[in-house]
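Heads up: the sequence shown is residues 1378 to 1936, going by our numbering.
Hints in this document: simulated from the structure, not taken from any laboratory.
Don't take each hint at face value.
Said to hold, decoys possible - In the DSS-like style, the derived pairs of lysine-lysine whose C-alpha atoms are separated by at most 30 Å in a straight line are:
id, residue 1, residue 2
1, 1727, 1853
2, 1737, 1674
3, 1513, 1850
4, 1531, 1513
5, 1674, 1622
All figures in this text were calculated on a predicted structure; none of them were measured in a lab.
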Amino acid sequence: MFKRLLYVLATLIAAIFVFQWLTAASFEFDSPSTTEALSENYTQILIKSHDGTTIGLTLYQPQLAAGENAPLILHTNGFGGTRAARPLSLYGQLMLSGTSSIAAWHRGYWMISFDQRGVGESGDEIHLMDPDFEVKDFSAVIDWAIANIPRISKDDNGDAIIGAVGESYGGGSAVNASLRDPRIDAIVPLTTWWDLSDAFGANRHVKSAWGGTLGLLGTFSSGFDFGMAIEPEYLALFNGYMNDKVDADMDRRSPMTYCAQGMSIQADALFIQGFKDTLFPLNQGLNNRACALTGGKDVRFVGIQDGHKLWPIQPWSGLPIFNTQETIVCDGQVFDTQTMILDWLDEKLKGITPSQEIPKLCLTFSDDSGRNLEQVTYGGESFVIPSTIFHLTPSGLLEGLLDPLDSLMDRISPLAEQPALQTTGGSIRPAFVPLYQASTPMDLLGVPLIDVNFTSTESEHDGVGYLALGVRKAGKRHIEILSDQYLPLPGDGLYQQEFPAVSFQLHAGDEVGVVLQGFTWQYLANSEGLLSSGTVAGHIALPLIAPRTLSEGLSTQSF
């Protein structure tokens, strides 16, 4: 584990100091032969975008027989990163979007990996996926490729066959480009956004831990030229609250805005989104899926466990900020994640039927368990949340120490018995209010819906509470926070909304309930209400599904 972390850090440091020397990119480029056999190689190139800004890219030329053509794959970096400038790079070795794109090159695709505007060898500054800048850059790269690579495969209409792969910021680039550019035939967006404002600031309450992390990454990757980050409205986000200027900016950069106007994603899409992604929760991907379906496209969706995970706030799972599983299991069928992506591209861009059919909709419980579904469950059986009082800022502050002690005690001295549905905590520890105890195995899988009222005794500011879903297994003290997700309740009022999607396999005796607290490290700068208390009461609808029942009675609301 730590060897891998050291490798990541060493790679990042090396990239900062030697990137320019290693790439040696140039505006000069000789187009490949139109008739001769081609061997694998890659070339560092500079091009001009729509507004004259320099874009740095790497063109990967596949091995092709004389006269043979190949489709084109576009790849671009996530936020804080730079392109896959060579196979031996951070993206080429560790990030799923990069390793899949490099593997596609080896499978006989043209592949272009390019630096987003403002980072690496691309000019200007970061505009945070502005439709007038970064999204147009994507189309400008396509323009250049069509003009300079004569051996891109064509469809029956004579149009170039093009796919795109990207994670996070790069995935958002592919989705936003597909909304506007019909030339993209297939996309694989990994863990990206639908509503950028809601993702960063649920209920207008900013995820300060993620904000600080991404701000630092953007500052370093842009060479300390992250202009937007020092605008007063963006600096003001560190007070914990979204403001109207940033909210409007983020709406312009969100697929939500354009899908609401009747636009749709114009490419066949394989969405991969994470339950435990605390930056872009699974709900964000589900909404992108819905938008793509309105356009009549072939859409597949896989809900994995990871994505953006902020270690050490969240448990380690392979990489410190972003991680994806190597395998996906859907109803016992095991998929290699990278192979699934490559098979999708082969099917859509080369017409090759995959050996394993990619599920229409698969939601996982773990790295080795998941279910194929016909539809997503929204809501379900409704449970009353009784009026529950809990301390605000103190509760949750020490969970990084106390929660591991619970797990240790569970190993040393398991509980012989415990009263059913007994509320615990509420002072130093979070309040756990159990609502349902499983008598038989049951799957908790889908999107809970909440209807709760929150009030606090805080007088000087709006008190802030956090609501999570937790499971206390039979005979255990430890309470597992489902999907690592917390929903902020910033101020007195009624909250009627979706909760982030959850996935858990319940066994007899397991209890599901709400967790209420006034502090979480995910919102480390946002807590309000020292020595005050909060009260929550209302209802929650839980997506409880009998195991293996796949076609009927799965959803109270679906798309």
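Fill in: Violations among the numbered hints
Hints 1, 3, 5 not satisfied by this model.
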